[in-house]
Amino acid sequence: MNNKNKVFSLAVTTLLTAGISAKSLAADVTVWAWDPNFNVAAMNEAAARYKKIDPSFNLKVIDSGKEDIEQKLHTMLASGITSSLPDIVLIEDYNAQKYLQAYPGSFLPLQEHIDYSQFAPYKVKVMTIGDKVFGIPFDSGVAGMFYRSDYLEKAGYTHKDLLNITWDRFIEIGKDVKAKTGISMLTYDINDVVLPHIMMQSGGEWFFTPEGEMNIANNQALKETLKTIKAINDAKITRPTSGWSSFVGSFNAGQVATVTSGVWIMGSIKSVDEQKGKWRVAPIPSLKLPNAKHASNQGGSSWYVLSTSKDKEATINFLKKTFAADDDMYQTLLVERGALGTYLPASVGYAYTVEDEFFSGQPVFSDFSKWVAEIPQVSYGMYTQEVDNAISAEIPALLSGDSVDDVLKRVETALKYQLM
Amino acid sequence: MHRLYDINGWAFVATAVGLIALMTLYPIGKSLWLSLHSGRGVILEFAGVSNVIRLFYDPMFKKALWNTLTFLAIQVPIMIFLSLAVSSCLNSSKLRYKQWFRLAIFLPCVTSLVAYSILFKSMFELDGVVNSVLMAIHIISEPIPWLADPFWAKITVITAITWRWTGYNMIFFLSAMQNIDKSIYEAARIDGVSPIKQFLFITVPLLKPVILFTTVTSTIGTLQLFDEAMNITNGGPANSTMTLSLYIYNLSFSYVPNFGYAATVSYVIVVLSAVLAVVQFKAARNK
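So the sequence lines, in the order shown, correspond to chains A and B. FYI, in this note's numbering the residues of the first sequence are 1 to 420. FYI, in this note's numbering the residues of the second sequence are 1001 to 1287.
FYI, nobody ran anything at the bench for these hints, they're computed from the structure. One thing to keep in mind: the hints can contain errors.
As the list claims (entries may be wrong) - Residues on chain A that point at chain B, a partial pick, calculated with CB under 8 Å: (1) Pro104; (2) Pro240; (3) Ser242; (4) Tyr383; (5) Asn389.
Said to hold, decoys possible - Calculated cross-link-like contacts (lysine-lysine; reagent style BS3-like; alpha-carbon spacing at most 27 Å): (6) Lys416/A / Lys1063/B; (7) Lys409/A / Lys1062/B; (8) Lys178/A / Lys154/A; (9) Lys72/A / Lys1030/B; (10) Lys1154/B / Lys230/A; (11) Lys1062/B / Lys416/A.
All values derive from a computational prediction rather than experimental measurement. All residues carry an ideal CB built from backbone N, CA and C; glycine is no exception.
Construct all of the structure, not just a fragment, from the sequences and the given hints.
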């Protein structure tokens, strides 16, 4: 290619790309979300519905991993280069306060546009700072104990035997199941926080008090949680896993009898067709505390509008007419994706009575929506990740026999220096 | 005339100097300035040396530093010795299909860090191929929790980095060995020196500059260890594979972001690399 040609083709390419980017800047509302079968699908469903109201509306969901989104959001907000930020971003509830407090002014307060009394109160709390409320609550992380009814039946247990049990009873059953079927009762990942989070919140406490004080050494729910974790490990009913894929892999391969997790795990459970009819759901076992509930929460996330959004009005209107208004959309999301919204007017409806063949005809969502109402309210604060890591550092000491009180005292001292 | 040369010379390097200043020097200066600040996200305040003081109290930093130094102290010697041994085998004139072996041992270091980390993670799962093989040949009777036990997780990461980088260092040794005069070995053989002694007293001393070079680069590489710790174990279990670089990542992207403190920790790596390099140069000179 001679030089003239090169220059010409360069000019054409530049013009073309300029044309394309100018066009995409004009109308599109962009969204960052993870999980194509869940959050991304929900966003696309909402956009399809909103198009009927406003045909000129265009939405583009950029699907990447949760960690990638968190990292990109941090770097862009910190650098102040806002041109490639989306209009809407999905943030996990545990991380919400961190973003809202570390980057003040980066997210749009929406209390003037949205009626927050229509959403589950614990979700609204996560996104509130003072009198400002940010974001639109999305899915619930209400926890349940998914179990393999075929394994449990083999060991002589029915659905009734698993209702309203304590973790002690769970361990007894686990030993029995292991002895009779050779199958481990649950997976255990020394790094993982899902199970401890579920247990602790079911006891009504978190690492921080609602006033923001550290609540570790005297946290009864946390103490019981660690005691239970130790007892579960001592009982030798666990199958060790490491990381997300080996966790999902082990229940997909039928190597464990129960999975205690947020409702969002349902999609992964249902991904194996051959296990249809072999799963059921029971409420989570309870801690040995007077106010402990058989309900808890793990994860869940919400939509946030960035204040750099090019078309704020369209973006807010879109969210308002869909995620804060459309009952029917939530029914569809529930049936098709297993996404349990936290928009209260949508918590009754046909979808909740659907009997799921995968769960032997159990109306799982009517159960889950009952448990949603029982979830003890806690405030997550900003430092959940830091505390998780500090506790995780002490888990080997706990498992090898150190007392829970000593362990928690060490964690608290360590954190005092780390969070200074 | 001289002045013209000067101007021309500077004009030629101006682009490069400008780019280096913009892309390297400016960030270095800026991060040093940043390390004197502390705060949450974009709310940064000038904090002076308080970040440095914080290092001494921060238990997670100490843990990360200790882990990094452990990796360094165990992995670098093993790897350097292995590459030396392998390259000296490959340098032997009796070996056939040399190119194939060389290729096989060098190939790991053209693979992507993340790709091979994920591969290692799946190989070292509880029911992964490593445990299956070890059990099939009856070396172990129960699967080893490679990724779930703090001790074995360290071993897994060390194994992974050694596999990845041995071939890389081997190339340096091989090229250096090919430059050693064959007549020295011949003389040694005539004098009846055993091959092992030839290796220890001829090859190793003559390779000293290369050994020094590979040790310094490996040390710096291990100090910056990130991809493997992130992807194989994510710093766990029980923070046993938390490295300094992973801690910097966590401080910026997982925890409540404190970019100032993260910059301070990254300067610890800079200082450590510099100090260790000086120590290694000194040690090599004294011998």
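Against the structure, the hints come out as follows:
A hinted interface residue such as Pro104/A counts as satisfied when its beta carbon comes closer than 8 Å to some beta carbon of chain B; here the least separation is about 7 Å, so the hint holds. Nearest Cβ of chain B to the Cβ of Pro240/A: about 4 Å, under the 8 Å cut. The hint holds. Because the smallest distance between the Cβ of Ser242/A and any Cβ of chain B comes to about 4 Å, under 8 Å, the interface hint for this residue holds. Interface restraint check for Tyr383/A: the shortest CB-CB distance to chain B comes to about 6 Å, inside 8 Å, so the restraint holds.
For Asn389/A, the suggested interface contact is upheld, since its CB lies about 6 Å from the closest CB of chain B, less than 8 Å. Using a Cα cut-off of 27 Å, the hinted pair Lys416/A and Lys1063/B holds, with the two alpha carbons roughly 16 Å apart. Taking the CA atoms of Lys409/A and Lys1062/B, the gap is near 18 Å; set against the 27 Å cutoff, the hint holds. Between Lys178/A and Lys154/A, the direct Cα distance comes to roughly 11 Å. Compliance with the 27 Å bound is thereby established for this hinted pair.
Taking the CA atoms of Lys72/A and Lys1030/B, the gap is near 20 Å; set against the 27 Å cutoff, the hint holds. For the given pair, Lys1154/B sits about 23 Å from Lys230/A by alpha-carbon distance, which is consistent with the 27 Å threshold. With a C-alpha separation of about 15 Å, the suggested pair Lys1062/B and Lys416/A falls inside the 27 Å cut-off, and the hint holds.
Violated hints for the displayed structure: none, as all numbered hints are satisfied.
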